[in-house]
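Undergrad: Residue numbers (this note's numbering), protein chains in the order written: chain B, 1 to 191; chain P, 192 to 382.
Careful: at least some of the hints might be erroneous.
Claimed, not checked - In silico SDA-like links for lysine to any residue, alpha-carbon gap of 20 angstroms or less:
{"no.": "1", "chain 1": "P", "residue 1": "Lys244", "chain 2": "P", "residue 2": "Asn257"}
{"no.": "2", "chain 1": "P", "residue 1": "Lys205", "chain 2": "B", "residue 2": "Gly113"}
{"no.": "3", "chain 1": "P", "residue 1": "Lys318", "chain 2": "B", "residue 2": "His118"}
{"no.": "4", "chain 1": "P", "residue 1": "Lys318", "chain 2": "B", "residue 2": "Ser110"}
{"no.": "5", "chain 1": "B", "residue 1": "Lys141", "chain 2": "P", "residue 2": "His337"}
{"no.": "6", "chain 1": "B", "residue 1": "Lys68", "chain 2": "P", "residue 2": "Leu334"}
{"no.": "7", "chain 1": "B", "residue 1": "Lys14", "chain 2": "P", "residue 2": "Gly304"}
{"no.": "8", "chain 1": "B", "residue 1": "Lys127", "chain 2": "P", "residue 2": "Pro300"}
{"no.": "9", "chain 1": "B", "residue 1": "Lys68", "chain 2": "P", "residue 2": "His345"}
{"no.": "10", "chain 1": "B", "residue 1": "Lys14", "chain 2": "P", "residue 2": "His337"}
{"no.": "11", "chain 1": "P", "residue 1": "Lys259", "chain 2": "B", "residue 2": "Asn176"}
{"no.": "12", "chain 1": "B", "residue 1": "Lys68", "chain 2": "P", "residue 2": "Ile342"}
{"no.": "13", "chain 1": "P", "residue 1": "Lys332", "chain 2": "B", "residue 2": "Phe72"}
What the hints assert, rightly or not - To give an idea of the chain B side of the interface with chain P (calculated C-beta under 7 angstroms), a few residues:
{"no.": "14", "residue": "Gly42"}
{"no.": "15", "residue": "Tyr129"}
{"no.": "16", "residue": "Lys141"}
{"no.": "17", "residue": "Phe155"}
What the hints assert, rightly or not - Over the 10 angstroms line for every Cβ pair with chain P, so calculated as not near, a few chain B residues:
{"no.": "18", "residue": "Pro4"}
{"no.": "19", "residue": "Gln17"}
{"no.": "20", "residue": "Ile24"}
{"no.": "21", "residue": "Lys35"}
{"no.": "22", "residue": "Lys68"}
{"no.": "23", "residue": "Phe93"}
{"no.": "24", "residue": "Glu105"}
{"no.": "25", "residue": "Ser110"}
{"no.": "26", "residue": "Arg139"}
{"no.": "27", "residue": "Ser173"}
These are calculated hints, taken from the structure and not from any lab test. Note that the coordinates shown come from a computational prediction; the quantities given were computed from them, not determined experimentally. Just so it is clear, CB atoms sit at the ideal spot from N, CA and C, and this is done for glycine as well.
There are 2 protein chains.
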Amino acid sequence: MDCPLYKQLTSFVKTDQKELSEIIRFFEKRSIGKKEDILEMGGKCDAMYFVEKGCLYLYTVDDAGNEKTIQFAIENWWLSDVLAFRNQTRSQFGIRAALKSEVLEISYPSYQGLLANHPVMEEYFRKVYEIAFGAALMRFKFLFTHSKEDIYHHFNDNFPDFVNRVPQYLLASYLNLTPEYLSQIRKKATS
Amino acid sequence: MDCPLYKQLTSFVKTDQKELSEIIRFFEKRSIGKKEDILEMGGKCDAMYFVEKGCLYLYTVDDAGNEKTIQFAIENWWLSDVLAFRNQTRSQFGIRAALKSEVLEISYPSYQGLLANHPVMEEYFRKVYEIAFGAALMRFKFLFTHSKEDIYHHFNDNFPDFVNRVPQYLLASYLNLTPEYLSQIRKKATS
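Bound conformation, chain B alone:
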């Protein structure tokens, strides 16, 4: 079956067609329009999302009202306000579609049911979060060891596919740059 989550599951853990078709019943397909919020800041974070097509991002707003992009999820990756979902508390973040997106949504009760009924999913999510946290450590390294001027070019050189998929103003925010600063850097680079 041509399902991105099936493909990832079979590459991460040992399972079979019967179990895969049981696992997929815990999810619901959902379409999200470009710039549509799927979770509002301060709302109850009652779901996790697996991106099949498009791009979601997690954001927050600082005291001056500026939006800050905290995390992206492109195809084949997960997004949620992880602690709010885990603890069933109000979200510290919003989640929005950067592009028209297709996602698989899993609610909190379904997530608990999935883990209880399919222990192989403990292994799967252990690996998902291991990679997510390992990548976060690499991102701190990236942010802490490059100057503001360098960071955009280094990111561009290292992750060209990713850079091409996400709007530039969101990428600037993800690198903790203002849109104005990004615009200056890009003007310099092309002059």
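Since the structure of chain B is provided, determine the placement of chain P on it from the hints.
TA: Same frame as chain B, but now just chain P:
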């Protein structure tokens, strides 16, 4: 038994005394001196560490030779170069003891054996990494929504116990501040 890892395991997952005593055999106790490296940058990352006493930190070095603190682990938490451990590649980080420390070390083959023989450890590490990644998202939020001036005070106010346990020059680096900048802020605060 008075073992910090036992306590955490029984609070995170359902297990029993017999299994706990089997699980603990996969670990080795190790003492590390203050400022001693337990992993060198560029070395093979062949272990994960659970801190029983003291404090470890993960660091890297920028092009100008400045050390940057990427992550701390105080009592009851884990530390490793997660991606290098997972992929058995050379480490992007070093790991050093901020204070004289007692740790439980688990090697890569033992980690694999532990997970294969005790499926409950998949659930345990899924939860450990869920919390670690969720906390990393909160740290990005913290870094992106506070000015350099505010960040130290906010951190101090929110995590006083943590601030009291780690050397100030490492904390400055963890907040992406230079030691000189931290010193200026603290002088202002006390003047």
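Undergrad: If a hint holds in the structure, say so; if it doesn't, say that too.
TA: Status of the hints after comparison with the structure:
no. : hint                  : verdict
1   : P:Lys244 <-> P:Asn257 : violated, 27 angstroms
2   : P:Lys205 <-> B:Gly113 : holds, 16 angstroms
3   : P:Lys318 <-> B:His118 : holds, 16 angstroms
4   : P:Lys318 <-> B:Ser110 : holds, 17 angstroms
5   : B:Lys141 <-> P:His337 : holds, 19 angstroms
6   : B:Lys68 <-> P:Leu334  : holds, 10 angstroms
7   : B:Lys14 <-> P:Gly304  : holds, 16 angstroms
8   : B:Lys127 <-> P:Pro300 : holds, 16 angstroms
9   : B:Lys68 <-> P:His345  : holds, 18 angstroms
10  : B:Lys14 <-> P:His337  : violated, 44 angstroms
11  : P:Lys259 <-> B:Asn176 : holds, 18 angstroms
12  : B:Lys68 <-> P:Ile342  : holds, 16 angstroms
13  : P:Lys332 <-> B:Phe72  : holds, 14 angstroms
14  : Gly42                 : violated, 14 angstroms
15  : Tyr129                : holds, 4 angstroms
16  : Lys141                : holds, 5 angstroms
17  : Phe155                : violated, 15 angstroms
18  : Pro4                  : holds, 21 angstroms
19  : Gln17                 : holds, 22 angstroms
20  : Ile24                 : holds, 20 angstroms
21  : Lys35                 : holds, 20 angstroms
22  : Lys68                 : violated, 4 angstroms
23  : Phe93                 : violated, 7 angstroms
24  : Glu105                : holds, 18 angstroms
25  : Ser110                : holds, 16 angstroms
26  : Arg139                : violated, 8 angstroms
27  : Ser173                : violated, 8 angstroms
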